[in-house]
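Visitor: Chain by chain, the residues:
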Amino acid sequence: MRQVCAVLLFIAWGLASTAAQAVIETYEFSDAQLEARYQDLSGELRCPKCQNQNIADSNAPIAQDLRKLLHQQLEKGASDDEILEYMTDRYGEFVRYRPRFSGATLLLWLAPGILLVLGLLIVVMTLRGRAKPGTGEQALTEHDQQRLRDLIAKAEKP
Amino acid sequence: MGLNMPARLKLFIPLILFGVLALFLLRGLSLDPKELPSALIDKPFPAFSLPALGTEQMLNQDAVSGRVALFNVWATWCVSCRVEHPYLTELAQQGVAIYGINYKDEDAAALQWLQQLGDPYIANIADREGTLGLDLGVYGAPETYLVDAQGVVRYRHVGVVDERVWTTLLQPIYAQLQDGGEG
Chain A
3 MRQVCAVLLF
13 IAWGLASTAA
23 QAVIETYEFS
33 DAQLEARYQD
43 LSGELRCPKC
53 QNQNIADSNA
63 PIAQDLRKLL
73 HQQLEKGASD
83 DEILEYMTDR
93 YGEFVRYRPR
103 FSGATLLLWL
113 APGILLVLGL
123 LIVVMTLRGR
133 AKPGTGEQAL
143 TEHDQQRLRD
153 LIAKAEKP
Chain B
10 MGLNMPARLK
20 LFIPLILFGV
30 LALFLLRGLS
40 LDPKELPSAL
50 IDKPFPAFSL
60 PALGTEQMLN
70 QDAVSGRVAL
80 FNVWATWCVS
90 CRVEHPYLTE
100 LAQQGVAIYG
110 INYKDEDAAA
120 LQWLQQLGDP
130 YIANIADREG
140 TLGLDLGVYG
150 APETYLVDAQ
160 GVVRYRHVGV
170 VDERVWTTLL
180 QPIYAQLQDG
190 GEG
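So the sequences go chain by chain: A and B. This note's numbering puts the first residue of the first sequence at 3, with every later residue one more than the last. This note's numbering puts the first residue of the second sequence at 10, with every later residue one more than the last.
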């Protein structure tokens, strides 16, 4: 019973979250493929006004304008690249959630890889350090070892 | 991060990491994420053909270029525009050339605004559909563009132009462009 409830809750949550993503105005498309591209592009273009939303989620006036423009350009037959170029010409690379690979975005694109390699290196080095059992013994200086031997000898004497 | 690094030094790694993080966060405090660089800096003012506010006379980019000027994007629905209006009037009185771009507004309301509050603009471009605004990359009024005598966009300020913004940001570039134009 509990499992059934959980499944129902999960479905309800899924439905609620898709409803929250829907925007107010609707556009008619001459082709279902254009509509799919509209959904993709409006999800990928960032709203310049409310900066952590894409233009599909935002209801700022500028996001409405950009959606209208996107619809017009898709119906005119512009390619995805042409549309993205048109947008970045006006609003800069900022308007894309996946900015072009360039000098300024180099670190942004490469950071995950660099951090992954760094993390792996640390893991490998830590594991290697653990795997050497002899290291602890060797770390004792000659003086310490002499003291240890003396102590043992002392303890063994009755 | 060698294994033979003295154990003492390893103890400082968290402190060093904290220091680096603190530096980044400190830098972040003085950054304003709302200030986006304009894509139009050092590019020509976009071509347009729009009526002058209140008339049917058409304006284009050639009609508004030829001297260093400010292009102020404003609208009657924009609250901050009302805030900056007195300062723009003051600037106009000092002899600064200001063109208005009346952005997604109604002509009647805009004309009434100018009549009541004063008109600091040499001319107003009536951008009723926001097409020029789109080509300029406007994302919210007020915005002010500094354009040189050749019609090239040199600076964009988003938000209210007040005395602080003028003296620290706009005026230095304005003076430099004017000197360049005369010399």
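Treat the hints loosely; a few may be bogus.
[Said to hold, decoys possible] Pairs of lysine-lysine, DSS-like flavour, derived with a Cα cap of 27 Å: (1) A:Lys-70 <-> B:Lys-43; (2) B:Lys-52 <-> A:Lys-70; (3) A:Lys-51 <-> B:Lys-43; (4) B:Lys-19 <-> B:Lys-113; (5) B:Lys-19 <-> A:Lys-70; (6) B:Lys-43 <-> B:Lys-113; (7) A:Lys-51 <-> A:Lys-70; (8) A:Lys-51 <-> B:Lys-113; (9) B:Lys-52 <-> A:Lys-51; (10) B:Lys-43 <-> A:Lys-78.
Bear in mind the hints are in silico, worked out from the structure with no lab data behind them.
Visitor: The structure should be examined with respect to each hint, and the outcome stated for every one.
Guide: Okay, the hints, checked on the actual structure:
Proposed proximity of Lys-70 of chain A and Lys-43 of chain B is supported: the alpha carbons are some 23 Å apart, at most 27 Å. A distance of roughly 26 Å separates the Cα atoms of Lys-52 of chain B and Lys-70 of chain A; the hinted pair therefore holds under the 27 Å criterion. Restraint check for Lys-51 of chain A and Lys-43 of chain B: the C-alpha separation of about 8 Å stays at or below 27 Å, so the hint holds. Between the alpha carbons of Lys-19 of chain B and Lys-113 of chain B the distance comes to roughly 61 Å, so the proposed pair goes past 27 Å and is violated.
Distance restraint check for Lys-19 of chain B and Lys-70 of chain A: the Cα-Cα separation of roughly 57 Å exceeds the 27 Å cut-off, and the hinted pair is therefore not satisfied. A hinted pair counts as satisfied when its Cα atoms are at most 27 Å apart, and Lys-43 of chain B with Lys-113 of chain B qualifies at roughly 22 Å. For the given pair, Lys-51 of chain A sits about 16 Å from Lys-70 of chain A by alpha-carbon distance, which is consistent with the 27 Å threshold. Pair hint Lys-51 of chain A plus Lys-113 of chain B holds up; C-alpha atoms about 16 Å apart against a cutoff of 27 Å.
Note on Lys-52 of chain B and Lys-51 of chain A: the hinted pairing holds, with a Cα-Cα distance of about 22 Å set against a maximum of 27 Å. Only pairs whose Cα atoms come within 27 Å are accepted, and Lys-43 of chain B paired with Lys-78 of chain A is rejected, the gap being roughly 32 Å.
Taken one by one, the earlier hints fail for this structure at numbers 4, 5 and 10, listed in ascending order.
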